[in-house]
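For the record, the sequence lines run as chains A, B, C and D. The numbering of the first sequence is our numbering, which starts it at 0 and goes up by one. The numbering of the second sequence is our numbering, which starts it at 0 and goes up by one. The numbering of the third sequence is our numbering, which starts it at 0 and goes up by one. The numbering of the fourth sequence is our numbering, which starts it at 0 and goes up by one.
Misleading hints may appear alongside valid ones.
One copy or two, either will do: identical chains are not told apart, so a pair holds if it fits within one copy or between any two.
[As the list claims (entries may be wrong)] Here are the simulated BS3-like pairs of lysine-lysine, each with C-alpha atoms no more than 25 Å apart in a straight line:
no., residue 1, residue 2
1, Lys308, Lys6
2, Lys58, Lys80
3, Lys108, Lys6
4, Lys16, Lys159
5, Lys16, Lys307
6, Lys80, Lys6
7, Lys183, Lys159
8, Lys80, Lys246
None of these hints come from the bench; they were simulated from the model.
There are 4 protein chains.
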Amino acid sequence: MKNLTNKFGRVRQQSEKLVSTLSPEDFVVQPVVDVSPPKWHLAHTTWFFEQFVLGNFDKTYRVYDEDFNYLFNSYYESVGKRVLRANRGNLTRPGVDEVLKYRTYVNEKMVDFLETYELTTEIHDIVELGLQHEQQHQELLVTDIKYILGNNPLFPTFWKNKENQQTGGNLHDRYTEVEGGVYKIGYEGDDFHFDNEKGVHQVYLQPYRFQSRLITNGEYLEFMEAGGYRHFEHWLMEGWEWVKAEKVSAPLYWHKVDDEWYYYTLNGFEKVNLYEPVTHINFFEADAYASWRGKRIMTEFEWEVACKKVEPRVDDQGNFVNSEYFRPKCNDNGHHQMFGDTWEWTSSAYLPYPYFQKAPGAIGEYNGKFMINQKVLRGGSCATPSDHIRHTYRNFFHPHLRWQFTGLRLAEHI
Amino acid sequence: MKNLTNKFGRVRQQSEKLVSTLSPEDFVVQPVVDVSPPKWHLAHTTWFFEQFVLGNFDKTYRVYDEDFNYLFNSYYESVGKRVLRANRGNLTRPGVDEVLKYRTYVNEKMVDFLETYELTTEIHDIVELGLQHEQQHQELLVTDIKYILGNNPLFPTFWKNKENQQTGGNLHDRYTEVEGGVYKIGYEGDDFHFDNEKGVHQVYLQPYRFQSRLITNGEYLEFMEAGGYRHFEHWLMEGWEWVKAEKVSAPLYWHKVDDEWYYYTLNGFEKVNLYEPVTHINFFEADAYASWRGKRIMTEFEWEVACKKVEPRVDDQGNFVNSEYFRPKCNDNGHHQMFGDTWEWTSSAYLPYPYFQKAPGAIGEYNGKFMINQKVLRGGSCATPSDHIRHTYRNFFHPHLRWQFTGLRLAEHI
Amino acid sequence: MKNLTNKFGRVRQQSEKLVSTLSPEDFVVQPVVDVSPPKWHLAHTTWFFEQFVLGNFDKTYRVYDEDFNYLFNSYYESVGKRVLRANRGNLTRPGVDEVLKYRTYVNEKMVDFLETYELTTEIHDIVELGLQHEQQHQELLVTDIKYILGNNPLFPTFWKNKENQQTGGNLHDRYTEVEGGVYKIGYEGDDFHFDNEKGVHQVYLQPYRFQSRLITNGEYLEFMEAGGYRHFEHWLMEGWEWVKAEKVSAPLYWHKVDDEWYYYTLNGFEKVNLYEPVTHINFFEADAYASWRGKRIMTEFEWEVACKKVEPRVDDQGNFVNSEYFRPKCNDNGHHQMFGDTWEWTSSAYLPYPYFQKAPGAIGEYNGKFMINQKVLRGGSCATPSDHIRHTYRNFFHPHLRWQFTGLRLAEHI
Amino acid sequence: MKNLTNKFGRVRQQSEKLVSTLSPEDFVVQPVVDVSPPKWHLAHTTWFFEQFVLGNFDKTYRVYDEDFNYLFNSYYESVGKRVLRANRGNLTRPGVDEVLKYRTYVNEKMVDFLETYELTTEIHDIVELGLQHEQQHQELLVTDIKYILGNNPLFPTFWKNKENQQTGGNLHDRYTEVEGGVYKIGYEGDDFHFDNEKGVHQVYLQPYRFQSRLITNGEYLEFMEAGGYRHFEHWLMEGWEWVKAEKVSAPLYWHKVDDEWYYYTLNGFEKVNLYEPVTHINFFEADAYASWRGKRIMTEFEWEVACKKVEPRVDDQGNFVNSEYFRPKCNDNGHHQMFGDTWEWTSSAYLPYPYFQKAPGAIGEYNGKFMINQKVLRGGSCATPSDHIRHTYRNFFHPHLRWQFTGLRLAEHI
């Protein structure tokens, strides 16, 4: 089990690297209910191993602090009471230092456990799930930190980039065609995958074509300047109500200063780069933009087939969290940007696949109970670990949310 | 155009018949935002003909009252300002008498118009749409009246049934199998249909079987008595939050009196009939019930294929609004209850079909802009006109709503 | 007890006269929580006699309908459950006709009772309280009807005035001085009065002077045109928040049409009369206006002393509901307008007088429990019965409310 | 100006002492809108000197950071835009260290200024106001920290007390009588005082008597055990609605554990001491308790006269923040507890005194604009600096708030 122990160490360390530039105060707040305090992410991912691995399988294990189950359970009804999600940001204690001690304690016990015990498949799977879970929270760490810093009027820098942003140039506008027919959808194989992508099954796709790159800030700005946020015609009704209620006129983090558009990036406050993929738009905005262009976005099934066609494997050189760029990159080398940069909104609702079964017990609460009123996103982003994403990976968010790195590409039927 | 004129007269008259037992006070209130005042339905359906037919095509037409566009537009952004939906119930003027005069005025002008003018296809289609639209509001009239009377502590009777409710008996529990493969979905033909069912296309279905009748009150009561509303395991997360926030423990209109379950029906307040199809449950409840039984509900595609198989045409003898029963009927003759009785929740999100195009102008706001966060329902109910429903007909509501006649049947993969 | 029987008949009849121009639909709605449906007022005042007189003292009395206690109790916790205040407007049954039958039934039983039984002081007092209570609801009937009709885009006329509104002219601006010293406050005597004005006691007043008439629309318009609603300086903080949240820029019922100010009056929609007393302003507006003029409004004690000085008795010729004018009148004859026209906001919080005792039982809930977060108003209005008002009469409303006929006069310390 | 410089140093240092036990995380959160982050208090009080002293009078002064006016203005409309009060807790930057640097910078400039410039009366007064302002925020620091730590499930200790809490014993129940007559109210003299206590004037008081100590936890528990929170009779209507909506059954910070009452104090979580004055009750609770005892609380005028009678000067030995006890003390030495321990709710609404004038400019926003919907409290608490309180000092809070150290004593008319 050397491999698992190594991966455990690598993944756990990465979480701590991501918060290395924060001040203690940055760790504690929760400006909106969807954004959790960084401290909470660090502790909750640790609680996962304590609760589901050590607590269940290591008979010698002594719980670090009895109160932490109450404090750091997220949404597992099966595992007892928990702090209301909206109150996570009121907990100043335990402090960051204590949470880091908690991590060290659990890390040591886990490494002992992984190296000492004979791991059954069941244990192996739950440890792997814990690591995948931690990688998901790494993405949330980045986006939640961006929200916390990006709503501070001082716009603090999170990460200084070594190189400067490219100025782009090669904005090819090609489309790739896919024939109609029956395709296989869903995960097939023996490696890790979530229950929501299991249940490989057939889907009939009508013929379509899809764009060879992501939509850029410059293209999105054309929509804005054409009155995109002022005309109801291109909006879903709930989207239009959202625009009016929130008085929205640009993607999240954009600000107009002296008649020019700026945005907050994790590298600081700067002028909008027109060649960079647009991000921090919600489903309503993606859908309205596509409608205004006379096109549409893909279903998740169309996306999966398209991706397998043009990017048959995940490219380690893509713009993932590993590249420490923390923002989408201009497409200057003609690749398709299916993986990394920004998650792509699809037009599919997040629903169970045929044959979907939720796991028994608490782990069964992982995915299935969220399958209502959410949209599927595909492909990962600049905040996703490169070894976490797959062709069949299904991410999901409510259609009004914008704080993730979310963008779009166009498509249409042939 | 004799046929159209006849249908116009018949449909318009039916709306007035449905409100014939109401007092003037019943016409005016709006107890919750989803329920519109009966008076408003009568006027809004009339406004539709005034706005989209007479106003557009009859050059001699003089608008009945200039204020009525503001008062009786529902959601057409293209047609100017309108009373906020939540304020419909504050309008005591124009009164019912005035609204009926308005109907008479528009009816006369419409009949003149239909008999005098040479009707283009465009005009014919918009008149037909207006009649279909009015039939949809007839269903809402029945359910909104039920809400208004059923939330009054006096529980007034809306309609006295001639015969008494059957006691049921033949609760067969058969399943019909459907082979896996590619099926055609969507409306094909030349008769009236909505834009949302157009775009006939192929869908691959995995093999499944479906129940031969609707779930009954008695079966649903077993779920309740097994603690269905107290255990989170079978609920979607948003459903479980709804149960807790609203303290739900039974379908809408059910009341426990001296330890026995009663419900309000449009025939009055009475003991729950265990053999009648359960109704006034929302998607969350339908889904939780199916999960508790270890089964599931169908997708809208599975439903369409299933329905064509076992009920190849709409049966005029089914329990529609025409039968003036105003509640689902016990299944005592072994038919499948695909049409009528209660709408069936499907697991499908309400989304555009491939090739969906919304019509240009205001009519384009009819369906497309609602395609988010709603679930598809199929088959019509005891409040649906029998000539309004089809195999391909797609109804849609938000998953938390219960005031429609909504029920379910079970299914599973083979 | 002939007098009491006569008064009973007169007061009860007056309520019905006030609703004689309404349509059945007008009786049922509740556009905001503070406004009750006219039907509810008619029934609730009847319930008061049934509950507190017939039910308690007439052994032969048979309750008209057992459900009505639940339906028409207002806020008496002692008398059992009741319909939530916010749901009054959803009750379409019993209809107006039924409510009028209920009134007739209780009227007949009451007249029998008053003429047959030997009335103790206790009974006499509770009947008198019931009549005073009904007079209070007559004022609410007028203001609630104004709200219902005045928020209808058709602006229906409630009452056609025989004569036209005077054009004013004599806007004298005199002040009357009152010496500092100890004054007696509170009701002394044997006639009817509420518990909240009892407890005659001494109050020291610093010397002051008060204006000899009410502030007019014209004067208030000067405040508006000087930016009164745009500058925070003259507003209490909660008032300023109200202005911003509600985007207020004029008194209730005022509308700007083609750059001129109009308002809805119970006589219809018309141009604002600059000489009429301003009304439908809340405490925040009264206070801000006075502050802007460099003056203030009186305390309720200053008002009581002032009123006794210049209008030693209630003038039957004043502009009360009896005059059927239903709006304040221009001051063209030099009287002080202490009584009638509009209630005057005072700067006093509504608090118990020294020695205040609430009555035992349900009647004790009449006044005392409202003594928090409300301001005292004095003098009655054009909607108050002339035999209902007194020098010592204390009315009270929350400072943000505007739907009553409320106005102001200025004062200052000497 | 040596005295002023000394006081400046002493007061400023005391703020920092009060936060000396906090972790960086404790400084940043805002669990409810009324509670500000400790960091914000430290910065806002500093901003006051920068804005109103250095910025106005020291021509050589360079603002520390231009953004801080936006960040740390509280409610002064005159001084430009500011962070919404509800968002104070989302600002993780500037951090505590930076805020302390800001304090040091302004402190140095202030001391230079105080020692170098010739101070006019105007400058002297605004510096003195700044110090009084800081003392007010010191009280808020203590109560806000209590809220932050007391709502953490870990119940961290803020301050370890040297001695243990006395067990009480001498719960004398004496009343002192005050004759009816005209009394002088308001501040007279030349020392510092707020504008809201100025305007010395005469008030007539009816004869009364008042209790010689504060009400204890033990006495309040009798009210609770007699069903105080379950019977509406003793509650103001808005109080009763609060009890039901919030499901209140005890003072703030009380918890029932294994059928015994505990509370969070700044010394930790412990069993309720029955002899200690009850605190963290709101006006509704104080009023209901007094009503249940058949008594009442005093008006602010009665309190002022009573206090001058029995405690003619502020006693330095009283239980103020200086004693570092941070909770009310048992009354074991027979003193009246008029000053310190807990603020006493009075029955008076917070209103302007006769002759009240607000100061011109921003300073005029200090008190006057809050004079609506609040109740006056008198006497200071265990969190008040002893040199901050006076007989004439008027504190004020909304009647539903409980997070201050608030209690009561009884009184009645003779």
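Could you check the structure against the hints above and give me the numbers of any it violates, in ascending order? 1, 5, 6 and 7
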